[in-house]
Amino acid sequence: MPNGFSQDEQSRGREVKILAEQSKGRAAIKFLFWTAAAIAVIVYVAEYYATGKMASAYYHTATVDGYAINSNTFGQATKENPVALSIGAFDKIEGPVAVPVKKGDRLPVNANGIISNEVLEAGKRARLEGETIQVLVPWEIKESKGFKYKDTFKHKGVKTDPWSGVWNVAMVILLGITLGFMAEGFTDLLGWKIHKIRHFEGH
Amino acid sequence: MFDFVIAGIHAPIFLLVLTGFTVGIVGGFIGVGGGYMVTPALIVFGFPGYMASGIDATHIAGKAVISSIRHRQLGNIDWTLALTMVGGTMLGVELGVRLLNYTKKLGIAGVVLLACSVVVMFFLFLYTQLETRRAHRKIEEAAEAGRTVGRELKTSTLHHFFQRIPLYPIVRCRTARVVVSMWVVVLIGIATGLLAGFLGVGGGFIRVPSLVYLIGATTHISVGTDLVEIVVSGGYGALRQSMSGNVDMMAVLFMIVGAMIGAQFGSIATAYVRGPAIRYILSYSLILATTGACLRLIYVLTGQKIELLSFLAVVFTLGEMLFLCLFIVSLVVFSVRHKQGKRVPPWVPPLVVAAE
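For the protein sequence lines, the chains are A and B, in the order given.
If you use my numbering, the first sequence corresponds to residues 1 to 203, in order.
If you use my numbering, the second sequence corresponds to residues 1 to 356, in order.
Just chain B, with the same shape it has in the complex (with noise of 0.2 Å):
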């Protein structure tokens, strides 16, 4: 147990340091900041909640930094698309975030957010889900076909309509093969950032899907990119956060310890799968993190009464963390057993990378 003077709590180190570890695995991997599961897991841990969200905020910068530094040696980093989105982004987090207080001047706040955040989660795993359900069908085709496929395979043409706006000036991302209009880059960065800002969240869930199919970046190139994205988004939520006193700098300073061994597997393990594998896990997260937010909606429309559905979004969200963990080894796991000519399951010979 450790005393955290400023957060004014006694809570276990070894708790800390795993939920950075499983969030840096998950982060490192799908690219996102994980606020979404974290900040209930520092609140079971007794933390209040303010604390929480801002250990979570400030963590995710310093996670972000650590992921990032292995995506740039991995060559998943578009710095072009990059630093063209993030001022889009920053524009967009402040804009959300005033939305934010404007709806919490009207007192519908809460209901509000739940509902936008389950809305939009649902939407997105839904497109997800059954665009890389048909990507996965066309690797095993492909397969059987004998052809040879590469990295990545998606069957949404949406990027075509973005990437044939001619609005100059027009940016040429090299690594990740794309050439666009800034313009769209910014609007997406603006868009994705309102939204992030407006949830509360780094917004890594958003922009990653938005990266592969608006802009029409791979997804290794998209989580990479987007990482880079929740430095500087996640650096500026710290700092709001931080100037608010919403953060004990020793509980993010365990929670880093434990996401830099995390995000090193997290983010090393996209070099043993395909595209359509790091979306796979990226829609099960939305679709159980909508679960999530579904049952505190509920709990909130029936007036706080019943105390199970709170109960059981906690769980659920821990419970979530765990499966994303367990899902991501396992496909690096059967990635190894495949590249030994070992036995694995159906599925996974499209999902992983036979040889590099």
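Next up, chain A with everything else stripped away, as it sits in the complex (with noise of 0.2 Å):
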């Protein structure tokens, strides 16, 4: 015995070193693997919504007769300075356009929000000249009480896609489940030792 331990002790210690080294290649392999879940699905949500197919699916369909408009475009109109918004049938709402819709409706794209036939023949907040709509309200005002915005045009007369709810919760549950594991991952890496607690024993 010349470390002063027995030949059992030794080839004990060899096997609980083994054990370890196993359990930390196995934690690596849980973190990485999670890891590289927890980004795809990341990557993935993150480019849905930059190419604008979140919102798409978010601004679906109208429920208002009316013309579809991106409230982004006349951002700071007012009464004395109103945004004329050129009416045409296009795919796609670049600058300031308005795309005529019925009830039922798919949007353009980029469209936001629906400037409904009732708010231009009550001629309060946005009124047709011709061949353009003028809006004499901004997109969204801010409320004298308290910290709420309210929108004039954006969000209004548009229902979104049924199904993007259902992509929404299984996106969400399968970040829970990818982020969670590969925190407990985290953890085993590290050599935590996170065990059950005991609840009905005395401390």
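Derived from the structure by calculation, the hints contain no laboratory data.
Just so you know, not all the hints are guaranteed correct.
Some chain A residues judged to face chain B by a derived CB distance under 7 Å, without partners named [to be verified]:
no., residue
1, Asn117
2, Leu120
3, Lys154
4, Pro162
5, Asn168
6, Val169
7, Leu175
8, Leu190
9, Ile194
10, Lys196
Here are the simulated distance ranges between beta carbons [what the hints assert, rightly or not]:
no., chain 1, residue 1, chain 2, residue 2, range
11, B, Leu106, A, Phe186, 50 to 56 Å
12, B, Gly107, A, Lys79, 29 to 35 Å
13, A, Ala28, B, Trp79, 25 to 31 Å
14, A, Lys124, B, Leu322, 42 to 48 Å
All C-beta atoms, glycine included, are put in the ideal place defined by N, C-alpha and C.
Using the hints, put the two chains back together into the complex; each one sits in its own frame.
Right under this line is the structure:
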């Protein structure tokens, strides 16, 4: 016993060391797998968002007759400085344009709201002038009370694709699973011993 | 700043990650979704009200999955109890939403909701606080007498009544060591779900005390089991909100990334404390949320004229998140110091676990 340990103890020590290395290896694989999965989900969601696919599922169909618009194009419109939107049957809304739509129609790309025919007839917030719509209010008004903002035309008259709801929930659950196991793999890799709590024993 | 195309606002990513992180700590520790804290925070960041509640509901589902994975590792989930309760919870949530829509039709939803929130939360706070204080004293007495105390000690005997109801089928919850009629669990699920659906929250702050005091599970197991319930009820809430077009997924994503870190800390922190410590934090979160709801109720009842009340309600809610986080972090720090034999305040030893 040159190092003070019996042969039995030395072989047991080697076994413990091998088991520890094996479990560290498993932890590394677990962490890398779930990290890759989490990154893949995040990149997929971000790409879906950045390319406008998510927005087009969100601003999906018209619920009223009127004109599809992108409210960002008249952000600062006022009664004194109205913004003119040219009316036309465009596939995509780029710049100050408005596309006529009927209830149930699929909205053009980049649309994020509808100026309804009712609003145009009232003529207070927007009015028809020949082949243009004159918008007299900004896209959002900060209410005098509290922190709340009131949208004028954004989100109005639109319906979300119900399947986008299913997609959202699936992505959130997937994200939760991948991030949860990634975190578990990380603590395993660090060798943090997280044991089951012994609920019914004295301490 | 990030351009949230769907919500139509610019908001700093950092604030969303931080909000997710803080609510993750609190949610992982006391088993709640934290909806009553997150929605006001999102409104302050500039999200429209309907978007704030949609983003909140969706992020709660993801966060509950993350916390559940860690609580599973800690052995805090009783799957039999969770799966038995989940049907009742869903039915209750649907009934609660319908009741809410009915009060909306009558035009009294705002006041009724706030008044109900105040009454329910204040009652739960009072009961939990008084019971936990008694349990705290008992642990102190046991320690003085040199007796060992389990991780859980509660003085309420309400669960004995519910466990004696002889309605078949009887459910044996092995992890929680509870034998109880399935109908009791389902009815408690319906009742807590109804309140959650009506009040528009995940319902964790109602379900955790119910699991502890009515079913008789330990606080740790109640927290873990409730988080599984939140995955289902939160997922259902997220689906409804998403289908109504109230969710900006990028905001959800940033919050979940923050929540992932916070939820790890909150969940693992439960291993450092005894049941009464979790119940204390739960009761403080209840009284703070009650005060916030009370301020909002007075604001509504005074014709929304006193702006200071609305402002204070938001400040109070945001302050609550930080206070609870600091409380949880300090409990863990004290627990570690206590294990190392260092000096800690005298109220700490009965609440933390000396060694496991």
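Quick rundown of the hints versus the structure:
1. Nearest Cβ of chain B to the Cβ of A/Asn117: about 22 Å, over the 7 Å cut. The hint is violated.
2. Of the supplied interface hints, the one on A/Leu120 is violated, with its beta-carbon coming no nearer than about 22 Å to a beta-carbon of chain B, more than 7 Å.
3. Hint status for A/Lys154 relative to chain B: holds, with the closest Cβ pair at about 5 Å, below 7 Å.
4. Interface hint status for A/Pro162: upheld, as the beta-carbon distance to the closest one in chain B is roughly 5 Å, under 7 Å.
5. Hint status for A/Asn168 relative to chain B: holds, with the closest Cβ pair at about 4 Å, below 7 Å.
6. A hinted interface residue such as A/Val169 counts as satisfied when its beta carbon comes closer than 7 Å to some beta carbon of chain B; here the least separation is about 5 Å, so the hint holds.
7. A least Cβ separation of about 5 Å between A/Leu175 and chain B falls short of the 7 Å threshold, and the interface hint therefore holds.
8. Because the closest C-beta pair between A/Leu190 and chain B is about 12 Å apart, greater than 7 Å, the hint is violated.
9. A distance limit of 7 Å between C-beta atoms decides the matter here; for A/Ile194 the minimum to chain B is near 6 Å, and the interface restraint holds.
10. Interface hint status for A/Lys196: upheld, as the beta-carbon distance to the closest one in chain B is roughly 3 Å, under 7 Å.
11. Restraint check, B/Leu106 to A/Phe186: a C-beta distance of roughly 51 Å satisfies the suggested window 50 to 56 Å.
12. The hinted range of 29 to 35 Å is satisfied by B/Gly107 and A/Lys79, whose Cβ atoms lie roughly 33 Å apart.
13. The hinted range of 25 to 31 Å is satisfied by A/Ala28 and B/Trp79, whose Cβ atoms lie roughly 29 Å apart.
14. In this structure the hint that A/Lys124 and B/Leu322 lie 42 to 48 Å apart at CB holds, the actual value being about 44 Å.
The structure fails to meet hints 1, 2 and 8 from the earlier list, while all remaining hints are met.
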